[in-house]
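Visitor: Each chain, letter by letter, is given below.
2 protein chains.
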Amino acid sequence: MKQEEVLLVLLNEYADWESAFLAAGLRTGGRYVPRVVGATREPVCSLGGFRTLPDYDFQTLPDEYAALVLIGGTGWQSAAAAGVVGPVQHARDNGRIVGGICNGASFLAAHGFLNDVRHTGNTLEQLKLWGGDRYTNEAGYVERQAVADGGIVTANGTGYLEFSRELLLLLEADAPERIEADYAFQKNGLYSA
Amino acid sequence: MKQEEVLLVLLNEYADWESAFLAAGLRTGGRYVPRVVGATREPVCSLGGFRTLPDYDFQTLPDEYAALVLIGGTGWQSAAAAGVVGPVQHARDNGRIVGGICNGASFLAAHGFLNDVRHTGNTLEQLKLWGGDRYTNEAGYVERQAVADGGIVTANGTGYLEFSRELLLLLEADAPERIEADYAFQKNGLYSA
Chain X
3 MKQEEVLLVL LNEYADWESA FLAAGLRTGG RYVPRVVGAT REPVCSLGGF RTLPDYDFQT
63 LPDEYAALVL IGGTGWQSAA AAGVVGPVQH ARDNGRIVGG ICNGASFLAA HGFLNDVRHT
123 GNTLEQLKLW GGDRYTNEAG YVERQAVADG GIVTANGTGY LEFSRELLLL LEADAPERIE
183 ADYAFQKNGL YSA
Chain H
3 MKQEEVLLVL LNEYADWESA FLAAGLRTGG RYVPRVVGAT REPVCSLGGF RTLPDYDFQT
63 LPDEYAALVL IGGTGWQSAA AAGVVGPVQH ARDNGRIVGG ICNGASFLAA HGFLNDVRHT
123 GNTLEQLKLW GGDRYTNEAG YVERQAVADG GIVTANGTGY LEFSRELLLL LEADAPERIE
183 ADYAFQKNGL YSA
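Chains as they are written, first to last, in my numbering: chain X, 3 to 195; chain H, 3 to 195.
Only chain X is shown next, with the shape it has when bound in the complex:
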């Protein structure tokens, strides 16, 4: 079976932990290959100072992929972030799954992508602040760590495990019981203290 690609968009000062479990979980299942997308092909620098090499840039995105995921961080109000609107619209127009965690979710709100789905994010206040008139779905905000609805998965920045679980389940990246077991193991820990 040909592996499908899942595109993870990283901007400078991305949050290391928000992609970590998702990318590893995708590779565990074996059905998908995670690919890093940067604004350019230059290394992207994380909040932890890691320099990550992109596999694609905004100009070289493939047409075929299973999901487009916006990883949070402090770059989602920068000029570079504007280049992600087109790719998100492409994903929605073509029925691909879209993910946004932390400020990635705020960015989705700011560009009107959360107006027809239940969703969550870094508090309702932040989505309203970023979205302004473009965000019209206050009623769709759910106070949960992660929410999947209508092909869009959102989470707040501490919802990295739940975000990963929802995306892996939606993508059928592995057996559901294995996805749930991995989630529980990381959430609860090997030891109780």
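Errors might be hidden in some of the hints.
List of simulated lysine-lysine pairs, BS3-like, C-alpha gap at most 30 angstroms [stated by the list, open to error]: (1) Lys130/X / Lys189/H; (2) Lys189/H / Lys189/X; (3) Lys130/H / Lys189/X.
Interface residues of chain X toward chain H, partial, derived using beta-carbon atoms under 7 angstroms [what the hints assert, rightly or not]: (4) Asn14; (5) Asp18; (6) Pro36; (7) Cys47; (8) Leu49; (9) Phe52; (10) Arg53; (11) Glu145; (12) Asn158; (13) Ala195.
Listed next, the stretches of chain H that the computed footprint assigns to chain X, with coverage defined by at least 3 CB atoms under 8 angstroms from CB atoms of chain X [to be verified]: (14) 13-22; (15) 153-162; (16) 166-176; (17) 183-194.
Everything labelled a hint here was simulated from the structure, so no lab data went into it. Remember, predicted model here, so these are calculated numbers, not experimental data. Where a beta carbon is used, it is the ideal one built from N, C-alpha and C, also for glycine.
On the provided structure of chain X, position chain H as indicated by the hints.
Guide: Quick look at chain H alone, frame taken from chain X:
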């Protein structure tokens, strides 16, 4: 104040989540700079398929640094890992803090570095299996997510938050109440479900 370096050792197939919170936490405090150490200067590939550029390789490690941290993954029984024994010995001989999470802790056990400190890891059974005759401190094994003792911090692979907290506290990387608050926020989440 001159920033001190904290060296994070990554081997191929390192676990993305085991360095994520620590590296970001170090940069938040501002007193330290995390630096990535690879076997060579070629990109290191994570379990999630991320390609990370090292700042140093095993031949170019600086003499001055505050801590040396072995990030887990599936590479710690590879030939490349043997090159980390010397750097760990250097750190111990010079009173630097040493960290090992997941198979990084197993590696420390396998090379006799846990025999005079209380510690934890990916189960006692794994440390005995990896350590054989070189691991003589079964009595020092503690069933906790992370343990700091005698300048060595160890954790199992699900103890990524506790590992980060213990190292940040030991390094005095930030105000203790801020380290504890960040830990609790990530551990408990913004929402309860």
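Visitor: Going through the numbered hints above, which ones does this structure break? Give me the numbers in ascending order.
Guide: 4, 7, 16
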